[in-house]
Amino acid sequence: MLTKSRHAIVGMLTVIALLMLFCVLVSGHLLAANTTFNDRFTVFSLLAYLGLAMGLLGLTTLAVKLTDHYDELLKKFLWTLIILVVVGALFVQPYAPVYDNMVVSDQVYNLLRQYPSSQWAPYFSVYPNNVPISIFMFWLDFPFRHMLKTLDDAILLHAVYGQVLMLISIYQLTKLADIVFGAKARNVLLLFYVFVPTYLMQFTQIGYSDTFALPFLVAGVRYLVELFYHAQTGEKATHFAKIINRKNWQPFILAAVCLAIALFLRPNAIVALIASIVLLLVFLWCDWRLLVILLAALTICSFTLKQAATVTQDKTHYQASNDKNLQLPIESWFLTAYYTDGRLSNETISITNKYTDYDQRQAYIREKLVGKLKQLGVIGVLTTWRDKTNVLFGIKSDFGMQYFNQFRNGQDSKLQAQYRTNYDNLTPIMIHSTMMMTLTSFLSFAWLPFYLFNKRQNESDDSSTYRQRVTIILILGIFESLSLFYILLWEVQEHYIYMMFPFLMFIGAILWSAVVNNVFNKKRRNQAFKH
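According to the working numbering, the residues represented by the sequence shown are 1 to 531, in order.
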């Protein structure tokens with residue numbers, strides 16, 4: 001029964017991955033140039049991006065080959081490139097928050113400036129989902145509150161935090177690749193990171209819930225996988241002293257803390273946790289005791305965070321709204337997910353805001369949502385899912401570059417002109433490079449059936465090859481659960497891809513490094529046979 005369940009889950013994950021690959025491959029013109037949302041940028045054809053992907057695979061082959069003799073040198077070189085891009089972005093393209101991001105940054109700055117007589121803007125009573133990130137940034141900024149003279153100072157500090165957190169998350173994921181799959185996979189993953197400038201330069205400079213939650217989610221996943229990769233089986237470890245020991249207590253604690261912070265900042269990250277729990281129970285059932293203890297620790301950490309946040313809310317005089325009419329019905333999010341191709345639009349906003357009474361609003365939104373689903377039918381719903389997949393991953397994406405187009409130092413017109421020139425010159429290159437890496441990673445999905453179903457004879461659940469495969473399954477499950485959350489239940493925007501980006505790159509790097517390494521090994525065997 002367990003074997004059948006494993007095969008069914010692997011089959012389902014593989015089918016979903018291949019369907020997503022198909023959507024990406026038909027997301028734009030094959031030969032003609034494409035344009036991004038609102039025709040803001042002109043991007044390459046699918047064939048051109050496939051050519052660039054082949055070039056990146058050539059570099060991947062070179063990285064695998066060089067790792068045999070120059071591992072440390074190559075690793076340091078790639079890390080140097082990444083750090084130069086990340087640090088340079090703070091000066092060349094110093095992005096500023098926009099819309100909700102700016103509201104959060106402004107609120108945090110005001111809380112610090114007014115403390116202990118702080119006041120919260122009415123916005124946060126209507127949108128309490130942005131209270132946790134505001135509190136978290138308040139905690140980070142508080143030791144430096146006397147140094148923050150202007151809002152620009154606070155925004156700069158948040159950008160520095162974001163870039164540092166992102167570098168830490170890159171270290172965590174490449175360390176995981178090294179531990180489980182070896183130096184070649186690690187160096188290929190570092191190479192992939194070099195070619196995602198929209199992620200390295202733009203995304204994490206903006207202090208917001210997703211930008212700060214993602215590094216903790218990545219770190220939590222790293223320690224979670226490491227914990228179970230080295231775990232003893234249930235037959236060997238039957239009580240707490242053996243389950244949590246000197247070798248694994250550190251990843252155990254760090255996994256619980258990092259995942260708790262990620263969930264605190266971005267509650268929808270719960271889908272990744274649920275996927276991880278299900279997959280671990282099915283594929284590493286023998287370690288269920290360890291999972292139970294980890295979930296207990298995660299619960300304690302989450303409770304502690306919420307209690308600390310409650311204390312901070314009280315000290316900063318946050319007042320939750322008791323007016324039901326100010327709340328948004330959950331149906332409004334589902335409406336956005338299906339009403340206008342899965343994007344937030346003036347039409348969905350007008351529907352949501354038509355009535356001020358909560359019950360009337362909820363009933364009206366439900367009516368419009370049901371009517372829309374009936375109008376779409378099965379084919380229409382499937383088409384919407386395809387279109388939303390393409391917004392996230394398709395070759396027409398600009399990765400949110402037109403959304404984030406404001407810069408810090410707004411009072412200096414000369415600097416603003418220079419930033420604008422840099423933006424106009426760099427943005428097309430950044431988009432092309434990031435799409436090249438995205439497509440290369442998606443193309444690796446074609447190897448999933450061969451990789452996941454290639455179980456060796458007499459392979460046990462404790463073998464390293466089995467646990468390597470479980471690691472890929474786990475990361476794939478996290479990637480798909482986060483993607484499907486947006487595709488099936490939420491709105492989509494081009495920059496939402498970043499929540500899935502590290503996991504997509506991890507899968508691509510592991511699979512392509514394995515393919516290239518197998519080719520080299522086969523050549524060596526053939527040469528040895530001839531001699």
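Hints are computed from structural coordinates only; laboratory data are not their basis.
Just to be clear, a hint being listed does not mean it is correct.
Claimed, not checked - Label pairs and their calculated CB-CB ranges:
1. 350 with 115: 37 to 47 Å
2. 350 with 285: 32 to 42 Å
3. 354 with 84: 27 to 37 Å
4. 347 with 99: 13 to 23 Å
5. 519 with 417: 44 to 54 Å
6. 62 with 253: 17 to 27 Å
7. 370 with 88: 48 to 58 Å
8. 31 with 145: 53 to 63 Å
9. 31 with 249: 54 to 64 Å
10. 160 with 100: 16 to 26 Å
11. 99 with 143: 21 to 31 Å
12. 87 with 366: 45 to 55 Å
13. 249 with 382: 40 to 50 Å
Glycine residues also receive a C-beta, built at the ideal position from the N, C-alpha and C atoms.
Quick rundown of the hints versus the structure:
Between residue 350 and residue 115 the CB atoms are about 39 Å apart, so this pair conforms to the stated range of 37 to 47 Å. Evaluation of the 32 to 42 Å hint for residue 350 and residue 285 yields a failure: the beta carbon distance comes to about 51 Å. Distance hint for residue 354 and residue 84: a CB-CB separation of about 51 Å, inconsistent with the stated range 27 to 37 Å. Between residue 347 and residue 99 the Cβ separation comes to about 19 Å, which falls inside the hinted range of 13 to 23 Å.
Checked against the hint of 44 to 54 Å, the C-beta distance between residue 519 and residue 417 comes to roughly 50 Å, which is consistent with it. Distance hint check for residue 62 and residue 253: the Cβ-Cβ separation is about 39 Å, which falls outside the suggested range of 17 to 27 Å. The hinted window of 48 to 58 Å between residue 370 and residue 88 holds, with their beta carbons roughly 51 Å apart. Restraint check, residue 31 to residue 145: a C-beta distance of roughly 56 Å satisfies the suggested window 53 to 63 Å.
Between residue 31 and residue 249 the CB atoms are about 57 Å apart, so this pair conforms to the stated range of 54 to 64 Å. For the pair residue 160 and residue 100, the supplied restraint of 16 to 26 Å holds, since their beta-carbon distance comes to about 21 Å. Look at residue 99 against residue 143: about 28 Å separates their beta carbons, and that is inside 21 to 31 Å. Checked against the given bound of 45 to 55 Å, the beta carbons of residue 87 and residue 366, roughly 50 Å apart, stay inside it.
For residue 249 paired with residue 382, a C-beta distance near 47 Å keeps the hint of 40 to 50 Å intact.
Hints 2, 3, 6, counting from the list given before, are not met by this structure.
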